[in-house]
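Peer 1: Our numbering puts the sequence shown at residues 34 to 629.
Quick caveat, the hints were computed from the structure, so don't treat them as lab data.
Incorrect hints may appear among the rest.
BS3-like, lysine-lysine: derived pairs with alpha carbons at most 25 Å apart [what the hints assert, rightly or not]:
1) Lys112 / Lys94
2) Lys408 / Lys476
3) Lys333 / Lys547
4) Lys279 / Lys577
5) Lys422 / Lys369
6) Lys333 / Lys577
7) Lys413 / Lys369
8) Lys96 / Lys72
9) Lys577 / Lys301
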Amino acid sequence: MVSGCSLQSDPKKLKTLEIPEEMKKREVGLIYIVTTRPKLGTLLLDKCIDCGVPTGPLLGKLKNNIPVTLPDGRVVDPKDVRSPDDPGRTFWVVECPGFEYLDSFCSVSSSLCDTFLQKPEEEPSVIVHFTPMDIVNEERYRNWIKRFPDAVVHLFLNEEVPCSGAIDVHRLQTKLNLLDSRLFPALNESYPIVNEMERDYEYMKIASDVAAQNAYFGYPGVRFRLRARRNEPILGLDRQSSFLLKHQEYIDEVTAFPDAVNLIEGTKEKIREMRSCDALKNNEYPEIVFAGTGSAIPNKSRNTSGILVTKSENSRILMDCGEGTLGQIARFFGAKNHVEGKNVWDVLRELDAIYVSHLHADHHIGLVGLLRARKRAFDKSLGGGEIFKPVMLLAPVGLKWWLNWFSDVFEDIRPSFVFFDNRDLMREESGTLRAPDCVESLKRALDLEELETCFVPHCLHAFGFRFRPRGGRSLVYSGDCRPSDNLVKLGDSCDILIHEATVEDDLAEDAEMKRHCTASEAFHVAKRMKAKHIMFTHFSQRYKIPVLSEEVAARVGIAFDNMRVSSNVPYVLVFFFSQVLMNCTRISRIFWFHVC
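Work out the full structure: start from the sequences and follow the hints.
Peer 2: This is the structure we're talking about:
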């Protein structure tokens, strides 16, 4: 059901439409009608002087809209010395969340139109629609929109709008793409690209057969000014601050530095030489896309933890799911555009399992949004059509309790996953699996040769993780932890180790206190483990580029957001980061000067 209310800035004048008793027991959609307070005109001192108004209490009366009589008998009307009053402006916020709400929405909203469109001063300046586009396209919804005057602006905020205003993410990826387009592919987020000759705003408009003439998508950065300001006189839709991609500008920021072109070309040539080796042409899987490589909170260049592993052509595992993970995956693969034939909806359908290492928010807070999006990915309209299958969720048991609470209070998402306790994937002290039947069933379902977890020293129920795709290479993920004997044993002779390296070596005490690893500590774990290839991730957001010793930099790869690596790429990274990124002054000036 849908209900509506009118809100004024003066609570004493609040008008509320009565909600039927039966509606209070059901899920409802809301329509908000908001009116701002009128703004009195300001006193114009230059006109007061022209009229001969002396300083003193007479000015105060004129300011308060009271006529005054001057000593010479002349009467000064406030309208002659004040700017015009600005009446209160009205805007609506509406949502029809599903087709099952549409009949009720049309009934309630039509009644609201009858009430609030009788006087021109009560007409809304703008209506913000959170309604999904497939409902907007429905004839009854379009007919309701057409009841409003042509001057009313309609802003649509729904799934058709790009997921975020992450301009700096695109800026950094465009620059890194200059170094290697396979490691750092161009992002595929649907986003307006600026025209070098003029700013074309037609990208925002919605087709006239869908809605009213003044109908726009609410792109990030777009403003609607209900009331003009003295220094910002634009009234209505203001697109001057909208976020537009400027790829050539980002490239020019790099090439403006004298050493940049030679440095980039030299690096690209070395990478081509190493890729030409026969030893590097096999073992495509697992392929790894880093959706987040920072710790604690997102910033412009590093999102929180999320690692998407493609273990075969049509099967994927996500390791951790911090805030913004879904957005990063959407930017990388695109909602409509395709990366090698796959878009974000294809990727979500192919996501067979999600592994959560521990219960700190930066490793799981994006899970609910991702589960909801994955369920939606099976809709026929998004290329699905096959029967929905729940994802296998491997996590600490506390996450199950939290998801149960969320389902009871907000939205039942329990049908979207099958839960497996990480403890059931461990070995007992005797060396036998704690729940061998559970492990074997998961290995069969995920087509894995190896699958195992272990406790690591961080918070309660923090785990390390190892798996091997059938016919592929073994991968070990530390999650967050201090140096761990359990992890060394779990990862013995693994092909790829992804280990946290939160802080530099000079902050060893801080690392111990917060139960993280320095870069050298993580490297020594890898050496004890005899890991063949090493990737560092989960860097403190204090660093533009992680600070590594020469020994460490010569042996490890540094993960970046939106980096894509396959099993052979760590060889390339040995050269790339030891020869290029160790020159921190030059690289940070070239690639981060305009980002951080």
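Peer 1: Hint by hint, note whether the structure agrees.
Peer 2: Going through the hints against the structure:
Among the hinted pairs, Lys112 with Lys94 is consistent with the structure: their alpha-carbon atoms are about 12 Å apart, no more than 25 Å. The straight-line distance between the Cα atoms of Lys408 and Lys476 is roughly 23 Å, inside the 25 Å bound, and the hint therefore holds. Between Lys333 and Lys547 the alpha-carbon distance is near 24 Å, which keeps this suggested pair within the 25 Å criterion. Among the hinted pairs, Lys279 with Lys577 is consistent with the structure: their alpha-carbon atoms are about 22 Å apart, no more than 25 Å.
At most 25 Å may separate the alpha-carbon atoms for a hinted pair to count; Lys422 and Lys369 meet this at roughly 23 Å. For the hint pairing Lys333 with Lys577, the CA-to-CA distance comes to about 10 Å; that is within 25 Å, so the pair holds. For the given pair, Lys413 sits about 14 Å from Lys369 by alpha-carbon distance, which is consistent with the 25 Å threshold. Note on Lys96 and Lys72: the hinted pairing holds, with a Cα-Cα distance of about 12 Å set against a maximum of 25 Å.
Between Lys577 and Lys301, the direct Cα distance comes to roughly 22 Å. Compliance with the 25 Å bound is thereby established for this hinted pair.
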